[in-house]
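S.K.: Following numbering that gives the first Met the number 0, the numbering of the sequence shown begins with 0 at its first residue and continues without gaps.
Since the hints were derived computationally from the structure, they do not count as laboratory data. Nothing false has been slipped in among the hints.
Pairs of lysine-lysine, DSSO-like flavour, derived with a Cα cap of 30 Å: (1) K52 x K78; (2) K114 x K78; (3) K216 x K229; (4) K230 x K52; (5) K99 x K71; (6) K71 x K229; (7) K78 x K205; (8) K80 x K230.
Across the chosen pairs, the derived CB separations fall in these ranges: (9) K229 x D112: 19 to 27 Å; (10) T75 x I257: 46 to 54 Å; (11) A138 x T75: 22 to 30 Å.
Source: prediction; values computed, not measured. Glycine residues also receive a C-beta, built at the ideal position from the N, C-alpha and C atoms.
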Amino acid sequence: MENFASILSELFDGAPIGLVVAYIIVSILVVVMAIVALVMKILIAVRYWKANKMPISTGMTGADAARYVLDKDGLTHIKVKKAGFIRGALFGNYYNIFTKTIYLRSILFKIDDKKSVTATALAVQKAGLAKLCEEGDPATVTRNRLSVIGVFGPLLFIPVLLIGVIIDFVVLQGSMVFSSIALVLSGLLLVAGFIVTLLNIPVEKKANDRALEMIEKYGLATGDELKGMKKVFDTYIISYVCDFILEVLRVIQWILEILIKVFGKHSN
Numbered sequence: 000m001e002n003f004a005s006i007l008s009e010l011f012d013g014a015p016i017g018l019v020v021a022y023i024i025v026s027i028l029v030v031v032m033a034i035v036a037l038v039m040k041i042l043i044a045v046r047y048w049k050a051n052k053m054p055i056s057t058g059m060t061g062a063d064a065a066r067y068v069l070d071k072d073g074l075t076h077i078k079v080k081k082a083g084f085i086r087g088a089l090f091g092n093y094y095n096i097f098t099k100t101i102y103l104r105s106i107l108f109k110i111d112d113k114k115s116v117t118a119t120a121l122a123v124q125k126a127g128l129a130k131l132c133e134e135g136d137p138a139t140v141t142r143n144r145l146s147v148i149g150v151f152g153p154l155l156f157i158p159v160l161l162i163g164v165i166i167d168f169v170v171l172q173g174s175m176v177f178s179s180i181a182l183v184l185s186g187l188l189l190v191a192g193f194i195v196t197l198l199n200i201p202v203e204k205k206a207n208d209r210a211l212e213m214i215e216k217y218g219l220a221t222g223d224e225l226k227g228m229k230k231v232f233d234t235y236i237i238s239y240v241c242d243f244i245l246e247v248l249r250v251i252q253w254i255l256e257i258l259i260k261v262f263g264k265h266s267n
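Please construct the entire structure, taking both the sequences and the accompanying hints into account.
M.R.: Listed below in structure tokens is the structure:
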């Protein structure tokens, strides 16, 4: 057992075995939670697809529903546009706070010209987000301003680390300069992504509630259609909770990586 612990410690630059074990456990939890988060996204896709096949009683398209509630609430300056393939794949249906534009999927999981329960629910939800931003809701404004980092930050975390390690070991023959810089940069991206993920839960919940209020207020859905909308909204919230837990684990993993580097160097 002592030999095994010693081997583990050596594999991690001679860092204390407690840190090494903690890092391995957290890394395993990251993988497990990533799988759970993926399952939830699959469930979202299933519910999204099912509700997108259910016709809406108003006969409105998603774009029409968003435009209707925006105009009713005096937000005529907010634009509603189709999201192209790349924009839709990266951001889905979303509100761009800088251009004051709601983008609705027009290809993958399209809702812009769909006359369905999903189309009305998600289009009006984005109108709800736009309204919260216009009202100056702090959490909503901050989340929407950081949304790009929230999408690309977690994706760039591992590539940035790998680039630093490759430069150090391939180009600089074992130097730790670039890998240390890469660790800091990837950490900053991770923290920014964590902030966005943290804000996703309250912001999206608030936008969901606002959307349901507007849909009921303006008679855009029947009772059964509202139940379908709530199911789609609830699944999104559960998915955001899973993403938040995953981001917490990733931040812990990043902190442990720093500690392993510090204490590993110190023990040598």
